[in-house]
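Participant: So the chains spell out like this:
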Amino acid sequence: MVFVGSDGQLTVPTAVKIVIAGGFGTGKTTMVASVSEIPPLRTEELLTEAGVHVDDLAGIEGKDTTTVALDFGRITINTKVVLYLFGTPGQNRFWFMWDELATGAIGAVVLVDTRRLDSSFPSIDFFEHRAIPFIVAVNCFDGSQLYTVDEVRHALDLDEQIPVILCDARDRESSKAVLVELIQHSMNRLAAV
Amino acid sequence: MTSREDWWYDEAAGPLVRPYAMVRGRTRPNAPDLHLVTQVRASSFASDQTSLTVEHREIMALCARPLSVAEVAAYLDVPLVVVKVLLSDLIERGDVLVQTSTPKIPDRDLLQAVLDGVRGI
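Those protein sequences? They're chains A and B, same order as listed. Following UniProt numbering, the numbering of the first sequence begins with 1 at its first residue and continues without gaps. Following UniProt numbering, the numbering of the second sequence begins with 1 at its first residue and continues without gaps.
Fair warning: there could be bad hints in the mix.
Derived DSSO-like pairs (lysine-lysine); straight-line CA-CA distance at most 27 Å [to be verified]: (1) A:Lys-176 / A:Lys-80; (2) B:Lys-104 / A:Lys-176; (3) A:Lys-80 / B:Lys-104.
It should be emphasised that the hints constitute simulated quantities derived from the structure, not laboratory data.
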């Protein structure tokens with residue numbers, strides 16, 4: 001890897017990312033928090049309503065300016081690699097922000113709340129259409145498991161190759177298992193091409 | 001009398017003024033592609049910092065260890081677009097080093113390292 005700067009001895013780690021997607025209230029930030037080595041951070045991007053990056057001050061003085069908040073966490077893999085976990089912004093009108101999140105990502109976890117399955121449809125469509133590896137993780141709130149994995153797979157009309165697993169986003173080991181499943185799925189996809 | 005500058009400082013504009021004042025209204029960074037996870041790090045041969053703004057110096061202090069653009073923005077509590085402009089100033093001065101590659105899909109070795117790392121936490 002090449003770095004700009006005169007002192008080549010300093011190394012900068014390689015950054016990789018995983019996207020945690022899903023509808024509003026499915027537990028995205030909870031999952032980020034349960035595995036991140038730091039409390040989740042929040043960063044904000046200012047946007048015009050049209051979703052175009054502001055070019056000058058004239059663009060940000062109007063009332064049609066809005067803010068997209070991104071919550072993210074970090075796992076230092078080793079001295080050379082650092083993994084970032086990004087929760088997607090909830091509202092559908094921020095799709096273009098998802099593009100930046102998804103570019104170069106290892107893949108995505110689509111968190112599903114079985115009480116509101118339809119809220120995960122847009123996320124699944126997004127990753128399917130862009131051929132980005134993803135898995136579906138059913139967040140079992142308070143241990144409630146309303147449906148089996150097969151029922152969820154059928155209801156979401158998922159391809160056989162897409163892993164579907166149950167999880168508890170509040171639980172560190174459970175969230176780790178979700179990330180492991182996704183990384184393995186991405187490796188399998190890589191091997192298949 | 002209300003000067004040309006004053007009309008901006010109303011309630012609606014309030015939270016926006018400070019971040020954009022920091023970058024003197026600039027919202028287009030000159031720097032190479034700065035993505036959310038692009039790693040930046042202060043150079044060990046940084047130039048004289050007396051001419052830098054407080055925000056630039058805060059970034060230099062934060063980046064004593066490698067951080068992503070998103071982390072710098074979060075710790076500084078300014079919008080991403082602002083931190084990108086500030087970082088590009090420092091990159092141009094040679095005070096901050098940056099990854100020049102755009103995010104690309106990790107290869108198998110990198111994925112294996114990430115897999116091992118996640119299992120180990």
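Participant: State for each hint whether it applies.
Facilitator: Status of the hints after comparison with the structure:
1. For the suggested pair A:Lys-176 and A:Lys-80, the alpha carbons sit about 20 Å apart, so the restraint of at most 27 Å is met.
2. Using a Cα cut-off of 27 Å, the hinted pair B:Lys-104 and A:Lys-176 holds, with the two alpha carbons roughly 23 Å apart.
3. As the CA atoms of A:Lys-80 and B:Lys-104 are separated by approximately 16 Å, the hinted pair is consistent with the 27 Å bound.
The structure fails none of the hints (numbered hints given earlier).
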